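Colleague: The primary structure of each chain is shown beneath.
Protein chains: 2
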Amino acid sequence: MTPILVGLDIGGTSVKAVAVSPGDPTGPALAEVRHRTEPGESGIRAGITAAVHSLAAEVGPDAEVAGIGVGIPGFVSRGAVSHAVNLGLGAEPLDLLPTLRSLTSGPVGVENDVNTAALGAGGWVARHDPGVDDYALLNIGTGLAAGLVLDGRLRAGATGMAGEIGHLVFDRSGPTCPCGQTGCLELYASGSGMRRTWSGTARQLLDAAAAGDPVAVRTAADLTAGIAHAITLLAYAPDVALILVTGGVVSRNPALRRAVTARLDHDDHTVVGRAVPVGDRVRWLPEDVAVGTRGAALLVAEGVRV
Amino acid sequence: MTPILVGLDIGGTSVKAVAVSPGDPTGPALAEVRHRTEPGESGIRAGITAAVHSLAAEVGPDAEVAGIGVGIPGFVSRGAVSHAVNLGLGAEPLDLLPTLRSLTSGPVGVENDVNTAALGAGGWVARHDPGVDDYALLNIGTGLAAGLVLDGRLRAGATGMAGEIGHLVFDRSGPTCPCGQTGCLELYASGSGMRRTWSGTARQLLDAAAAGDPVAVRTAADLTAGIAHAITLLAYAPDVALILVTGGVVSRNPALRRAVTARLDHDDHTVVGRAVPVGDRVRWLPEDVAVGTRGAALLVAEGVRV
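Protein sequences, first through last, are from chains A and Y. Going from the first sequence to my numbering is simple: count from 1 and add 144. Going from the second sequence to my numbering is simple: count from 1 and add 144.
If you're looking for bench data, these hints aren't it; they were derived computationally from the structure. If you're wondering where the values come from, they're calculated on a predicted model, not measured in any experiment. All C-beta atoms in this analysis are idealised placements derived from N, C-alpha and C, irrespective of residue type, glycine included. Check before you lean on any hint, since a few could be wrong.
Selected chain Y positions facing chain A (Cβ under 8 Å, derived; list incomplete) [to be verified]:
1. Gly307
2. Glu308
3. Ile309
4. Ala369
5. Thr376
6. Ala385
Chain A regions said to be covered by chain Y (calculated; three or more residues, Cβ under 8 Å) [unchecked claim]:
7. 219-232
8. 307-317
9. 366-376
10. 415-428
Please put together the full structure from these sequences, using the hints given.
Modeller: Written as structure tokens, this is what we have:
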């Protein structure tokens with residue numbers, strides 16, 4: 145028998161899966177597969193089963209699934225997922241535990257995908273900042289969310305939503321958010337926020353702002369200030385040692401990174417900033433670091449259970 | 145010999161001290177004393193020494209100081225304190241460890257006073273919400289700050305400032321803060337913030353707002369929204385199970401508490417609020433619960449070391 149731990153990263157486009165050894169869960173992948181996502185309850189359930197079966201087949205005929213961890217967008221509580229729009233899941237929770245338990249007699253775990261990505265980034269942090277095991281992973285994509293690893297352990301939080309900072313108010317004089325509140329941070333520090341006033345990509349936005357386009361200048365300033373605020377919030381409230389920033393909006397966008405860095409540097413010269421600087425805690429996580437599936441596998445390797 | 149653990153709470157007005165038994169640190173106080181605070185470096189050092197000596201004398205001639213924990217305002221790092229304006233301490237750190245080590249051969253610890261208060265509130269939480277060991281203590285006084293106890297352990301944070309949320313931006317279109325930033329939360333959710341536009345007490349503010357005074361109505365709305373935001377931030381970012389609210393602005397101010405509760409209830413009916421409600425996680429901590437000295441003693445009783 146070859147026991148394997150399975151990590152599944154279920155996204156709007158694809159279901160990615162990795163198999164690792166229970167004795168070396170951060171070591172080399174034994175196998176990796178990727179399937180297209182079928183949205184909806186039965187599609188998600190069938191997708192999990194198919195991914196685990198093809199992963200086990202890749203490993204070989206003597207593969208035995210010793211545990212399965214899942215990272216999935218939306219609101220996750222006790223193995224059930226809701227409010228994952230890209231997966232066709234609404235307010236009604238979809239309980240993934242029966243599906244997972246039909247595939248293994250070992251431990252199973254389900255977490256929000258930003259939380260599993262945060263766990264999965266631990267290897268990168270250990271290589272680049274040896275000795276540090278306290279950080280947030282901040283994802284700036286269509287939305288905005290963070291996962292927290294505090295003192296080496298995933299902080300899912302009392303409701304499983306630790307790091308869900310997108311709907312904290314950033315500008316109480318700002319516009320109404322689709323959520324019903326006013327001036328939420330996600331209206332500024334995210335791709336969907338940017339698209340309120342800009343129809344291109346984030347790179348095109350920074351180029352147009354550099355060329356003096358007044359709408360681009362304003363939108364880029366909002367985006368920059370919002371991302372800097374998200375970073376500062378994580379540096380002050382949970383007070384993590386590092387903030388890893390990733391996601392489609394900031395990846396391959398050196399001009400935006402420079403703007404955010406300059407903004408944080410400015411704030412670090414205020415009275416409060418001098419006492420508790422933030423800028424030197426930022427790390428731009430390379431997009432080719434596979435964190436989602438790896439973190440999902442660590443959910444069941446490191447003793448986190450639903 | 146009667147071994148005692150000493151907890152010191154150093155405030156702008158008085159130095160409070162408690163002696164507890166190392167074998168029962170949350171049990172009955174063996175002695176309590178209170179001295180007037182003498183600000184400045186030598187005043188603080190002498191005040192610590194005097195408080196420990198008179199506490200030991202209260203316990204009896206065979207008292208032996210087995211450990212000392214200190215809660216103190218300002219920025220605390222490795223036993224040194226800075227930026228504690230009420231104590232006459234500026235940017236230059238005052239190292240308290242030599243003074244503490246001259247008074248005991250046992251463990252010593254220094255933490256920000258809101259952090260020690262958070263630790264000290266654990267007994268109250270255990271009595272009122274049995275089984276819960278995950279919470280924030282939010283203090284709304286002249287300033288605004290929170291201390292975090294996550295999964296039963298004090299979360300001081302990577303820089304010792306976890307929960308220092310007063311200078312996070314709440315209204316980026318707001319006024320300039322003395323810190324140099326714009327629209328900081330402390331401009332709204334604190335006594336000093338209230339006094340920008342109101343010269344009386346917080347209770348008088350709510351009375352005048354109820355009577356229709358337009359300045360009071362506006363100031364009370366700012367104060368209410370700011371406190372509700374601070375609570376929501378703690379419910380979302382570290383995602384604590386409970387938020388204990390205390391401090392001079394909210395104590396004996398039922399009208400303000402009702403206004404904050406109504407605001408949270410409103411937000412709990414938005415899309416995001418329905419998924420992750422906040423209002424039912426709030427507890428108004430009675431002001432007669434002694435948390436400062438008790439939490440300071442727990443710093444050295446529970447193995448936290450500087």
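Colleague: Return the numbers of the hints above that this structure violates; sort them in rising order.
Modeller: No numbers; nothing is violated.
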